[in-house]
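Sequences and hints are given; from them, build the entire structure.
There are 2 protein chains.
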Amino acid sequence: MSSAGREERPVIVALDAHGADLGFAEVIAGANRALAAGIALRIFGPESEIRPLLRDAEGLAEIVDAPVAVSNHDDPATAVRSKRDASIVLAAKSVAHGETDALVSAGPTGATLAASLLNMKRIRGVKRPAIAALVPNGRGGSTVLLDAGANIDVPADYLVQFAVLGAEFARWVLGQERPKVGILSIGEESGKGTERVVEAGRLLSEGSHRFEFVGNVEGRDIPTDLVDVVVTDGFTGNVALKTLEGAAKGVMIAIRDAIKSSRLATLGGLLARRQLMRLRTEIDPNTTGGAPLLGVRGVAIVAHGSSTAEGIAAALMLAARSVEGGLVAHMTEAIDELRAAADEPQPVSETVVSVGDTDDA
Amino acid sequence: MSSAGREERPVIVALDAHGADLGFAEVIAGANRALAAGIALRIFGPESEIRPLLRDAEGLAEIVDAPVAVSNHDDPATAVRSKRDASIVLAAKSVAHGETDALVSAGPTGATLAASLLNMKRIRGVKRPAIAALVPNGRGGSTVLLDAGANIDVPADYLVQFAVLGAEFARWVLGQERPKVGILSIGEESGKGTERVVEAGRLLSEGSHRFEFVGNVEGRDIPTDLVDVVVTDGFTGNVALKTLEGAAKGVMIAIRDAIKSSRLATLGGLLARRQLMRLRTEIDPNTTGGAPLLGVRGVAIVAHGSSTAEGIAAALMLAARSVEGGLVAHMTEAIDELRAAADEPQPVSETVVSVGDTDDA
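So the sequences go chain by chain: A and B. Heads up: the first sequence begins at 1 in the working numbering, then just goes up one per residue. Heads up: the second sequence begins at 1 in the working numbering, then just goes up one per residue.
A portion of the hints provided could be inaccurate.
The list treats identical chains as one, so a pair stands whether inside a single copy or across any two.
To be verified - With a Cα cut of at most 27 Å, we get these calculated DSS-like pairs of lysine-lysine:
no. : residue 1 : residue 2
1   : 93        : 249
2   : 83        : 180
3   : 192       : 83
4   : 93        : 180
5   : 249       : 83
6   : 192       : 249
7   : 93        : 83
8   : 180       : 192
What the hints contain is simulated information worked out from the structure, not anything from laboratory work.
Here it is, written out as structure tokens:
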């Protein structure tokens, strides 16, 4: 149980120190920021490398020596079963055993998914956990986009569950009292889209929910505050998310080139620099920190592989906020309600990735 | 035959004046720019409204009085059959009859698609025509993204045809000698993606082509010059395209806000303004003008509904360039080659939208 012991001690976040593109120094620099902000950490990685980098004036950090890593070259499902002493496995287990409350890793996404599923298991009734990306909405907040890549083949009833999970996250972690939820399609009219999208829209329109279902939304609505949650399958969601990243990167390069391109513009650029830096911060994926994996019995945050110290710190804070918001308990309740409303029998055994997690409903 | 008479007279572009968000004044202002650049036009719309707006010093324009429009409220397939005197229908027929060489419309996309299909018919062997969006690639060129929304349900062999059609466009209209083509997926490895994407990737890897197939590309690669053509189904393509539009719009608003947000920044912003305007032009969909419908026997350009005069002019010039490049003949040849390579039987009758175009293979 991920929430075991929550009442007796402050929140502890389990940090997998392996796998970040920028290496241990950057990950631990991020950890140091979180520690300075009062977040307690259990850090899983090679102690000899981590210890010298750690700044822990308050004594909030514990290092669990875990020199073994799951790499991008490993098959995630196989690796998290065979490398039982890998940092991501030990970190996920610590959440599952209630020794820590949340998992953060900037290592391979597949490994984080597989380790979380295998060890934390799914929330009862959840068919497939989903990765929820947090997309800057241009108003200082975020749009929750899910699934951002965990599930390619997504029937309508999974999409309905994603809506429920995403809405609970928007409510209890992002503070949206009654989140607005849309389903991603290629036109606003309810008849537009794939069969699955149309069917999911119908199902979502019918029931009463803890959120406001607004119907179809389009790609252009993702980076705006039109809705708080955008629901889609993992293929489309991943393409949309990476398209946004590409656009943001392209624009930042273009702004830099524009600023550099003449002496007049350089002067102007220098003066406008502070404002443009703020814009860059807004676009930068490091600002949101990471993508929560929703639907497992514990908080798990997939940090960007290219996370800077700022990104790691943001992911750790997002993890702590998710625990403090009681996210997992609220998701469990909401999924129970959904199943009661649908008068469903117990869900059958299914897995996101072939890690063979047993059905726990 | 769209290319009938091409040898005997200069290129004439058929312009549907109806349906643009900004009205006749903007469409005809765009027409005037194209006329000034020496492009001959046949304009289909209400003569009484168009005539006073037209500036045609060289006598390159002809107006065909067509006061009837297909609106956004009409079902496109029904409307282009029942409103036989609608401007889009008359314009498409003029291309089909060889009186003009290319169609441009900023009216409803569905109507342009349906009218083109019904009247021009498909190129022999083409299973489904696709809309090819031109996405600025950050290097002054464009990435051809297709299908951008004509077909939701797209098996692997359609994706292969889209690759062939997009590559011919990139070669003969955009001037890419040997276009690089990628298939949109959620990871670079060839095993990643939906079954259809993996199968299409396999088919494209096998044959020899007039283009270089580079394998899977991701959403972030679309607004870059990594490849010249990105192939996907119409659902994913439309989501990706609209996501890009949303991001571009959001960034332009953010830049404007950043520039305005303090006196210091305003000074800086004014000085940097010229460079930022260039950036805006690069992002603006009006720059590319419109999206060609590839796979019909004639050039058809779907201009953005919100096209400015600049956008209309760009679409008209793109149409003229497509005719001059011999696009339709080249696509026909390439599809013939593909079919010969696959040793396929004649294709069965299929339609993009239910306009009941007869199979013409």
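For residue 249 and residue 83, with the copy left unspecified, which applies at a CA distance of at most 27 Å: within, between, both, or neither? neither (36 Å within a copy, 46 Å between copies)
When Cα atoms must be at most 27 Å apart, do residue 83 and residue 180 count as within-copy, between-copy, both, or neither? neither (42 Å within a copy, 40 Å between copies)
Checking residue 192 and residue 249: alpha-carbon separation at most 27 Å within a copy, between copies, both or neither? between (31 Å within a copy, 24 Å between copies)
From the Cα coordinates, with 27 Å as the cut-off, is the pair residue 93 and residue 249 best called within, between, both, or neither? Neither: 36 Å inside a copy, 44 Å across copies.
Intra/inter-copy verdict for residue 192 and residue 83 if alpha-carbon distance must be at most 27 Å: between (46 Å within a copy, 24 Å between copies)
Is it within, between, both or neither when you check residue 93 against residue 180 at 27 Å Cα-Cα? neither (34 Å within a copy, 46 Å between copies)
How would you label the pair residue 180, residue 192 (within, between, both, or neither) given a Cα cut-off of 27 Å? within (20 Å within a copy, 32 Å between copies)
Is it within, between, both, or neither for residue 93 and residue 83, if the alpha carbons may be no more than 27 Å apart? The answer is within: 13 Å in one copy meets 27 Å, while 67 Å across copies does not.
Of the numbered hints stated above, those contradicted by the structure are hints 1, 2, 4, 5, listed in ascending order.
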